[in-house]
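**Q** In case you want the letters, here they are:
2 protein chains.
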Amino acid sequence: MDTIPNSLCLSPASDLTVKSSAVRCFFPIRNRYSVNFRSSPTRIELNRNGFSGLSLRPMRGKSWARSAQIMDQSASKTDSSAPTIVEVDLGDRSYPIYIGSGLLDQPEILQRHVHGKRVLIVTNDTVGPLYLDKVAEALTVGNPNVSIESVILPDGEKYKDMDTLMKVFDKAIESRLDRRCTFVALGGGVIGDMCGYAAASFLRGVNFIQIPTTVMAQVDSSVGGKTGINHRLGKNLIGAFYQPQCVVVDTDTLNTLPERELASGFAEVIKYGLIRDAEFFEWQEKNMPSLMARDPAALAYAIKRSCENKAEVVSLDEKESGLRATLNLGHTFGHAIETGFGYGQWLHGEAVAVGTVMAVDMSYRLGWIDDTIVSRVLAILKQAKLPTAPPDSMTVEMFKSIMAVDKKVADGLLRLILLKGPLGNCVFTGDYDRKALDETLHSFCKS
Amino acid sequence: MDTIPNSLCLSPASDLTVKSSAVRCFFPIRNRYSVNFRSSPTRIELNRNGFSGLSLRPMRGKSWARSAQIMDQSASKTDSSAPTIVEVDLGDRSYPIYIGSGLLDQPEILQRHVHGKRVLIVTNDTVGPLYLDKVAEALTVGNPNVSIESVILPDGEKYKDMDTLMKVFDKAIESRLDRRCTFVALGGGVIGDMCGYAAASFLRGVNFIQIPTTVMAQVDSSVGGKTGINHRLGKNLIGAFYQPQCVVVDTDTLNTLPERELASGFAEVIKYGLIRDAEFFEWQEKNMPSLMARDPAALAYAIKRSCENKAEVVSLDEKESGLRATLNLGHTFGHAIETGFGYGQWLHGEAVAVGTVMAVDMSYRLGWIDDTIVSRVLAILKQAKLPTAPPDSMTVEMFKSIMAVDKKVADGLLRLILLKGPLGNCVFTGDYDRKALDETLHSFCKS
Numbered sequence: 001m002d003t004i005p006n007s008l009c010l011s012p013a014s015d016l017t018v019k020s021s022a023v024r025c026f027f028p029i030r031n032r033y034s035v036n037f038r039s040s041p042t043r044i045e046l047n048r049n050g051f052s053g054l055s056l057r058p059m060r061g062k063s064w065a066r067s068a069q070i071m072d073q074s075a076s077k078t079d080s081s082a083p084t085i086v087e088v089d090l091g092d093r094s095y096p097i098y099i100g101s102g103l104l105d106q107p108e109i110l111q112r113h114v115h116g117k118r119v120l121i122v123t124n125d126t127v128g129p130l131y132l133d134k135v136a137e138a139l140t141v142g143n144p145n146v147s148i149e150s151v152i153l154p155d156g157e158k159y160k161d162m163d164t165l166m167k168v169f170d171k172a173i174e175s176r177l178d179r180r181c182t183f184v185a186l187g188g189g190v191i192g193d194m195c196g197y198a199a200a201s202f203l204r205g206v207n208f209i210q211i212p213t214t215v216m217a218q219v220d221s222s223v224g225g226k227t228g229i230n231h232r233l234g235k236n237l238i239g240a241f242y243q244p245q246c247v248v249v250d251t252d253t254l255n256t257l258p259e260r261e262l263a264s265g266f267a268e269v270i271k272y273g274l275i276r277d278a279e280f281f282e283w284q285e286k287n288m289p290s291l292m293a294r295d296p297a298a299l300a301y302a303i304k305r306s307c308e309n310k311a312e313v314v315s316l317d318e319k320e321s322g323l324r325a326t327l328n329l330g331h332t333f334g335h336a337i338e339t340g341f342g343y344g345q346w347l348h349g350e351a352v353a354v355g356t357v358m359a360v361d362m363s364y365r366l367g368w369i370d371d372t373i374v375s376r377v378l379a380i381l382k383q384a385k386l387p388t389a390p391p392d393s394m395t396v397e398m399f400k401s402i403m404a405v406d407k408k409v410a411d412g413l414l415r416l417i418l419l420k421g422p423l424g425n426c427v428f429t430g431d432y433d434r435k436a437l438d439e440t441l442h443s444f445c446k447s
Numbered sequence: 001m002d003t004i005p006n007s008l009c010l011s012p013a014s015d016l017t018v019k020s021s022a023v024r025c026f027f028p029i030r031n032r033y034s035v036n037f038r039s040s041p042t043r044i045e046l047n048r049n050g051f052s053g054l055s056l057r058p059m060r061g062k063s064w065a066r067s068a069q070i071m072d073q074s075a076s077k078t079d080s081s082a083p084t085i086v087e088v089d090l091g092d093r094s095y096p097i098y099i100g101s102g103l104l105d106q107p108e109i110l111q112r113h114v115h116g117k118r119v120l121i122v123t124n125d126t127v128g129p130l131y132l133d134k135v136a137e138a139l140t141v142g143n144p145n146v147s148i149e150s151v152i153l154p155d156g157e158k159y160k161d162m163d164t165l166m167k168v169f170d171k172a173i174e175s176r177l178d179r180r181c182t183f184v185a186l187g188g189g190v191i192g193d194m195c196g197y198a199a200a201s202f203l204r205g206v207n208f209i210q211i212p213t214t215v216m217a218q219v220d221s222s223v224g225g226k227t228g229i230n231h232r233l234g235k236n237l238i239g240a241f242y243q244p245q246c247v248v249v250d251t252d253t254l255n256t257l258p259e260r261e262l263a264s265g266f267a268e269v270i271k272y273g274l275i276r277d278a279e280f281f282e283w284q285e286k287n288m289p290s291l292m293a294r295d296p297a298a299l300a301y302a303i304k305r306s307c308e309n310k311a312e313v314v315s316l317d318e319k320e321s322g323l324r325a326t327l328n329l330g331h332t333f334g335h336a337i338e339t340g341f342g343y344g345q346w347l348h349g350e351a352v353a354v355g356t357v358m359a360v361d362m363s364y365r366l367g368w369i370d371d372t373i374v375s376r377v378l379a380i381l382k383q384a385k386l387p388t389a390p391p392d393s394m395t396v397e398m399f400k401s402i403m404a405v406d407k408k409v410a411d412g413l414l415r416l417i418l419l420k421g422p423l424g425n426c427v428f429t430g431d432y433d434r435k436a437l438d439e440t441l442h443s444f445c446k447s
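Protein sequence lines, in the order shown, are assigned to chains F and Y.
Taking full-length UniProt numbering, I'd label the letters of the first sequence as residues 1 to 447.
Taking full-length UniProt numbering, I'd label the letters of the second sequence as residues 1 to 447.
Keep in mind the hints are simulated off the structure, nothing from the lab.
Hints are not guaranteed to be accurate.
Derived SDA-like pairs (lysine to any residue); straight-line CA-CA distance at most 25 Å [to be verified]:
no., chain 1, residue 1, chain 2, residue 2
1, Y, Lys319, F, Asp295
2, F, Lys319, Y, Asp170
3, F, Lys420, F, Ala410
4, Y, Lys167, Y, Asp155
5, F, Lys319, Y, Asp92
6, Y, Lys400, F, Arg176
7, Y, Lys319, F, Asp170
8, F, Lys171, Y, Met162
9, F, Lys319, Y, Ser175
10, Y, Lys117, F, Phe241
11, F, Lys158, Y, Ser175
12, F, Lys167, Y, Gly412
The following block holds chain F by itself, in its conformation from the complex:
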């Protein structure tokens, strides 16, 4: 081919490789959609179906939202302002995660994903004062047709409820937003979950964008479309699977994050290593001091690798029929702590850390892992200054009664994520000896 177009409309079931000087992308095409490249590629390889499956046409508008770009290390080093992009591959609901420093100073990233002329920013009274003006500026600079509304919710897991959610609906309706508006979640996991569920439900669904500002949200909750609120009897029991238009991770926002919040997010980073990425876990064991010291390169790598793990799992099992449940290692025990101890007493990651220790303890009691994994998990959580035992007030009965309403119960049977085999392997199962669960609960609770 003499001329290579910079946009393509692809047929399903093609595997495509695109090469240019510093960029190499590979993406399986599962559904018909368009791909646009920021610069003309030097070579296009279609690995299946031949070119007969391709039709070439220009893209409308300036969007290249469907492009997927996985930079190699040398590429990302040569151009520090270009974001790393991890694609969440969900057919016509696919979207990019942009990761990098200073992304909120690059208006074109956000603006290309805004639908319509009206934006509602949902944030809280901690993050709002720090970043609301910056985000509003990024959304409107050079784009005077766009108008911004905002709603500032009280900060904290204890406000992740229906009463607070109604404030978002009230604001959207009083502002007369219509279906062609965009909701923007600016904050941590609570804001992302609530704004996402509001976007899923307002007028039966409007577009939304995630701007996560905590490690927890950047490595986990903003990716994959789980949205929702808590019920007084359990966490995240009311919600929707609803995917954003994009996720914008500006790593600079971590500069203002309290240390306890920082550590809380590492609980999820550690999780990815344990359930599916032993090499990443080993990297963490070496680099936890750098992460705790907020070394920008270490943080960016941990976020990117976490997002890649999450994106891959979500692409394979969006609605959690099996594989995706493994991302909940430690969460069943952890949710029980959050619910029983009171929402907001502990941060989510702190509860997950203890839940992970309990799941690992139970896996060991079942004879599914050796004791080196148990000690390595304890060691890395301690490096991250995370707790490894539940609050004294948690009893065996509290764990049992709260875990009985967990979303992973099926036909009355509680299924758990447990480690099994060498580091990096886990199972999601209801087929375990109940005695091991009892022993774990009794060994971690005083009554």
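Put chain Y on the given structure of chain F with help from the hints.
**A** Coordinates of chain Y only, in the frame set by chain F:
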């Protein structure tokens, strides 16, 4: 072909016609899915793509939920206990609407669509005393593993709000229902919309079944997956698109329906004729006295033909990007009446009837229809004892301010469904002379 299989796995974009002695089905295949026939067809015609696009394989399990069967009149007369089935074709979210007399006495219809062992019936304090026991019996007879919970909400549009919805979540969570449960909506449109939205949101989505017991719900609201609740500032502003497993229309439930409710449902039946089915409208003009007298055959025909119209529109445009909006003829004016006059003061169909008259008046002022359509609409609504003018308390300003938050507003422009051309044709447009809207509002309001 010597042997014709009784199930097929079909490729997209095939048009298929199947014939057997008393059954003829036609369905366009838009997404890959399996089709199963209750009895072996005598002939299969694939109208496009040839047989090369077909692969033949047996269906798993006993389900024939994906089958589509459109009986001709002679067939439906020969076997009165077999339901007529209208298929809503939405790829892997396709489902059947069963229509017939005595269907709640045929447990196998409901039972084949129940997922898991636990069922939550959502009903109200009017319908519950009449049919809850019957439905519970149909779900459990010969099926002792299934257990039933129920929640009885207060009856009426004014309770279609978040506080009442929370009662459904409370019951589901307190009963420790898990993801493998099934919600059953037993009642009219309010119950169907609320139960559907609860099912969409509980644990991020569980299965549900619609058992509509009013004409309004049987011909319209139970079909197509629109679910939601009202906000004090507008109707149905919070909700989800969420499809049921099936819809079971037992026409016997209409025997207990108050006359005002009966007539209210006919407003939607008339709508189908006006927007897309002139022949059906003409049938209604002749048969409205039989419908008002609850003649079973007339009712069954009106419900079937309405469901066919709705199913076709929903299949073509599930998320209302265009065509589906035409089903809202009269609803923008109607919703303003419901919101402004107070939820529950008028029935939904009563408000839609007036809204239809106003939309027709505006269409005539625009010169888009001739005056015979105006007079025929007034005549048929009067036959159905439906109102044709808004309540005295509705002012032009009330209409304007409430219509400004309608879901069909896009980038600030109110789009309306208006009739245009011969009977049975309409448009969904924001491109109309604002003067005509003003004139219509002023001619129907005293101030």
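**Q** It remains to establish, for every hint, whether it holds in the given structure.
**A** So, going through the hints one by one against the coordinates:
1. Y/Lys319 - F/Asp295: violated, 45 Å
2. F/Lys319 - Y/Asp170: Roughly 23 Å between the alpha carbons, so the hint for F/Lys319 and Y/Asp170 holds.
3. F/Lys420 - F/Ala410: holds, 21 Å
4. Y/Lys167 - Y/Asp155: Distance ~14 Å between Y/Lys167 and Y/Asp155 Cα, so the pair holds.
5. F/Lys319 - Y/Asp92: Distance of about 14 Å is within 25 Å: holds.
6. Y/Lys400 - F/Arg176: holds, 13 Å
7. Y/Lys319 - F/Asp170: holds, 23 Å
8. F/Lys171 - Y/Met162: holds, 16 Å
9. F/Lys319 - Y/Ser175: Between F/Lys319 and Y/Ser175 the Cα gap is close to 23 Å, so the pair holds against 25 Å.
10. Y/Lys117 - F/Phe241: holds, 24 Å
11. F/Lys158 - Y/Ser175: holds, 23 Å
12. F/Lys167 - Y/Gly412: holds, 22 Å
When held up to the earlier numbered hints, the structure conflicts with hint 1 and nothing else.
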